[in-house]
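Please build the complex by placing chain E on the supplied structure of chain H, with the hints as guidance.
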Amino acid sequence: MSIAPPPTLVDALEALGPDGRRRAAAAAGGMVAADVSGATPLLDPVPVVLDAEAWEQLSAGLVQRARLLDALYADLYGPRTIFSTDVAPSSALLADPAYLRPVTGIPARGDHHLFALTCTVERTVGGEWRVLADELDVPGGAGLALEVRRSLSRGAPSLYGSTPLRRLHPFFDRVRSALHQRTRADGRAGRAVVITDAGAEPLRAFDQHWLANLLGTPVVSPSDLRTGSGTVTLRLPGAEPDPSETVDAIIRLAPSARLDPLDLGPTPLGGVTGLVEAARCGDVEILNPLGSGLLENPELGAALPDLCRQMLHEDLLLRPADPAQTEPAAWPGLDPAGGHALVPRPLRLQLLVMATEDGFEVLPGGVARSHDEHPEVLRDVWVTMPESSAPAAAAPSGGVGPLEAPSAEVEAISSYPAMTRSIASDLFWFGRYLERVDSTARLLRTVLDSTNDLAAESGPASRTALGVLLGAVTDVTTTYPGFRSVDVEDTTAVRTEIASLLTDLGRPGSLAQSFASLARTTRGLRDLVSDSVWPVIARMRSRIRGLDGEQPLEQGLTDMVEGCLALSGAVSDSMPRNLGWDLTQTGRRLERALGLLALLQAALGRRRTRQAESRIAGAVAGITESGATYRRTYHASIQAELLVEMLLGDATLPRSIAFQLEQLAESLDRLPEPTPAVELRAPLAALRVRVGSWEPRELLRPADRSVGSPTPLIEEAAEAMRTLRELATAVENRYFRPSEATSPWGVDDV
Amino acid sequence: MSESPETPGTPATPPPLPVVPLRVEGVEPAGLDYRVHHLTSYRYAKPVTRNYGRAHVEPRATPFQRVLSHEVTVDPAPARLTAHTDFYGNSSTYLLVDEPHERLDVHSRAHVTVQDRRYPAETMQRPWEQCTPEHWGPLMPASSLDFVHPSPRIPAVSGAREIVDAVFTPGRPIGEALAALTGLIHTDFTYDPAATTVASTLEEVLSARHGVCQDFSHVGLAVARAAGLAARYVSGYLRTAPSAEGRLGTEPAGEMIGSAASHAWLSVVVPGTGWVDIDPTNRTFVDQRFVTTAWGRDYADVPPLKGIVIGPPGASSTLQVAVGVVPVPAGS
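Protein chains in written order, with numbering that gives the first Met the number 0: chain H, 0 to 749; chain E, 0 to 331.
Chain H on its own, in the form it takes in the complex (with noise of 0.2 Å):
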């Protein structure tokens, strides 16, 4: 048995020499794809090793652990024989807000309550191995795991080239097919959903949806689900519950607290309401159950061995930490302090234990912490191949023998809806945001340049065109006083309003808030779109954490919108064309069109100078990407009526206002129907007739000449703006908005 790193990994770290390996970090670290609210976690290359005889030992005592804290669950749950025992911390588990009192006497479906639990254990300089703590409330880090896992081995393929050891995927198809054996039973469908955690943080969410993934189980959110009298029922876009869509398990990723307001509360209320009944009643089965959480309470940890004896009839092979006398033992890694040799590290290694058809399993690796004074360090857990078995190919296929045989036959697994409600509002908003945050940073990125020309070649034609394109962000964004307060000629002032308009969170039409939200909404889209999503996300938000300062803004500017071309290729490229496309689509062209009017109206709704004007159309036809198209067609300089008309009424220009209309028409025309959708396409086939009348040369000539009186594009795109956004009400009422409200009873004060 030994923890010492084999040979062949000796021999690659080597090879790889100090520079090399520090450059494998750099390099896995950058293909972290997680969306991370603070700095990207610290990578590792140098694995921790845990040979088949080591690993043997450790996850033995991993399952025995599952199996002691899933008879405690019965237990604790059920008949509560353990108080009457004195081995139990009766005074704290009792004491433990975790011990939920209404979830008491739920039935599990198979053999045990508990679905997954994640450990943490360290090792003592002595060979054994301890454990810190339990997570199994919502016990996290498998996303986490195989996002390590991927990036160091596209960081460092050397060394994952050099030694054979067990791959992590196989573990998750015993758990999913398990998974389905046991939501089946009963000649049930076997539809399983996950509820994440909507409050947790993005590593964390990270983690979540991808575990979601990996089970092959869709995400939704507490309101897609309604209880009835025998089944749990997803909610779907503009219709009523399908009773045929039943879900028979949750996957909880959700504290379990907040789950059913009626028996959990509290309030404000969320959740499902019926829940913990439906459990009760074997409507649904919820994993890990309800109130799992009482078994992280800490004095458990010592009363274990007490209790495996007398559950279990077994003595404890994994006992608990006990700092004062533990002294971990330290693995070999990268020097902390920038060191050439490898220098001893103590780390904490996170594991996985899951149901599969063979009882409890550990996922064979995880992720080491490292546990000092430095910044924490993440490292790939490998149990390698015992050496019997290591296939003689250099790429190693995991997994050990027979559970690697494939099942006589592969079943059809029962199809899920295409889209809850909550997922298809997300879509829709997705479409939205994305379409906002690209208009943002185009428009901030052109008033950036204008303001530099200014201080280049300043006159009064550059000078009002300024305060025009000023004016015309704060419009547009509706971040009033914003530059209506602010002399355009004090560059300071200037700046600091953008930059305010960039970075600021917690200011309504900021840059950072709409993609705030365009981030929120694309958790539910990694299930659809691709993974690949994922780190364009990571990217841009650190980008607009880098917006603060570190870097020119014109730079942040251009990598936002080129963040935004991303997810929008992505979202063509990978998008399955249904429900959540046109959705998708919907939002888009709303926003688009939307953003573009209110552009028009602001830029060019009054009369200016020839000069002003045309400097004004040129920055208007930089936002818009359509310098080149104009170029192309008039050997002019550009001139606002030729750009708006090209603007308004060329459907072949996809950042044209005809052009948002048509396809916006031809998406709601897919749309699903509970009834036709004539109160959508009436106001929007009367707003084509009304655009396709518009007279460019018109709507920018006021009846009163002088310079400053309004053009009557300052009406007509006013009362195009009514319409649409008439119409996205009209699609949200229609597809997502709950049409009731939840109140708890009135109740009697005794």
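It is possible that some hints are incorrect.
[What the hints assert, rightly or not] FRET-style restraints, in silico, Cβ to Cβ:
{"id": "1", "chain 1": "H", "residue 1": "264", "chain 2": "E", "residue 2": "208", "range": "22 to 30 Å"}
{"id": "2", "chain 1": "H", "residue 1": "110", "chain 2": "E", "residue 2": "138", "range": "34 to 42 Å"}
{"id": "3", "chain 1": "E", "residue 1": "138", "chain 2": "H", "residue 2": "188", "range": "47 to 55 Å"}
{"id": "4", "chain 1": "H", "residue 1": "29", "chain 2": "E", "residue 2": "84", "range": "54 to 62 Å"}
[Said to hold, decoys possible] If you want the footprint, here are the derived chain H segments under chain E, 3+ residues with CB under 8 Å:
{"id": "5", "region": "78-92"}
{"id": "6", "region": "100-114"}
{"id": "7", "region": "274-280"}
Honestly, the hints are just simulated from the structure, not real lab data.
Predicted, not measured: the structure shown is a model, and the values here were computed from it.
Note that beta-carbon positions come from the ideal geometry of N, C-alpha and C, so glycine has one too.
Same frame as chain H, but now just chain E:
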């Protein structure tokens, strides 16, 4: 504040203790039979879509109470009506009405026999310090430790500590201390249904010195627990006056506060006797006038009725509660 005629005197004077000899083997003391009918009615301004409810309204069996029959009915007909025995051994009822409705009536009907409570004099003479868990002995189940700790609605608060010092003086017999606690709450706190709601916190009640029976019970629980005793919240009813004409007979019996509605009091572990129930609202030890439905750590564990209604925005509701606890001749 309404004074009940049977609670005269100063707070220092405890009400007379019902110290009675132990039962004679084989002789069943006479019980009082009650017909209980608890009706909760909601009326909605607009039809609501669905209604989920959780009720703790069925009387439970205790050493002093037998439940001869009980039944919960819901109108309109519920899609699901289930009952299970909850963590504390209470009957917990779940109901779901899954069709549009403008009114919801929940009836709980029961027939119970209540015995008088007799506590051995020598146990009530025990110094209160010898009633804490370490003095319980083997007969008290360890699960009773559940009632020693702060609970969701009863955090450890300094206001309770002050009352402990006034009531639980060194060496005081537990019976006398409990009577003093009952008297102190009754005297120092004003019964005022308008002063608090079910959402009022213990701190608010302690500082305002106003409340209803639920609040008074919480104060008593906080004090008893601060003294190191195990104390639980008890939910139930008080006897109402027999009614000649009305079937419900929901006229208050007159002498008691909190009859003709749900009532609440508290119960404290006294080793050698078990649980001793006191009612601060009426300044009395609990006797044959009380019908017990459920107990828990505090109100949050056993509200008589709670629920979630789903319906059009602005569908306001009105609530009416009627409780009849009418004595009937035994065997009728």
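Results for each hint:
1. 264/H <-> 208/E: 22 to 30 Å: Holds, since residue 264/H and residue 208/E (Cβ atoms, about 27 Å apart) stay within the stated range.
2. 110/H <-> 138/E: 34 to 42 Å: holds, 36 Å
3. 138/E <-> 188/H: 47 to 55 Å: Once the Cβ atoms are compared, 51 Å apart, the range 47 to 55 Å for residue 188/H and residue 138/E holds.
4. 29/H <-> 84/E: 54 to 62 Å: Distance hint for residue 29/H, residue 84/E holds at roughly 58 Å.
5. 78-92: That given contact holds, which follows from 5 residues of the region 78-92 of chain H lying within Cβ reach (below 8 Å) of chain E.
6. 100-114: Contact hint for the region 100-114 of chain H vs chain E: holds, 4 residues under 8 Å.
7. 274-280: Contact hint for the region 274-280 of chain H vs chain E: holds, 3 residues under 8 Å.
Consistency with the previously given hints is maintained throughout, with no hint failing.
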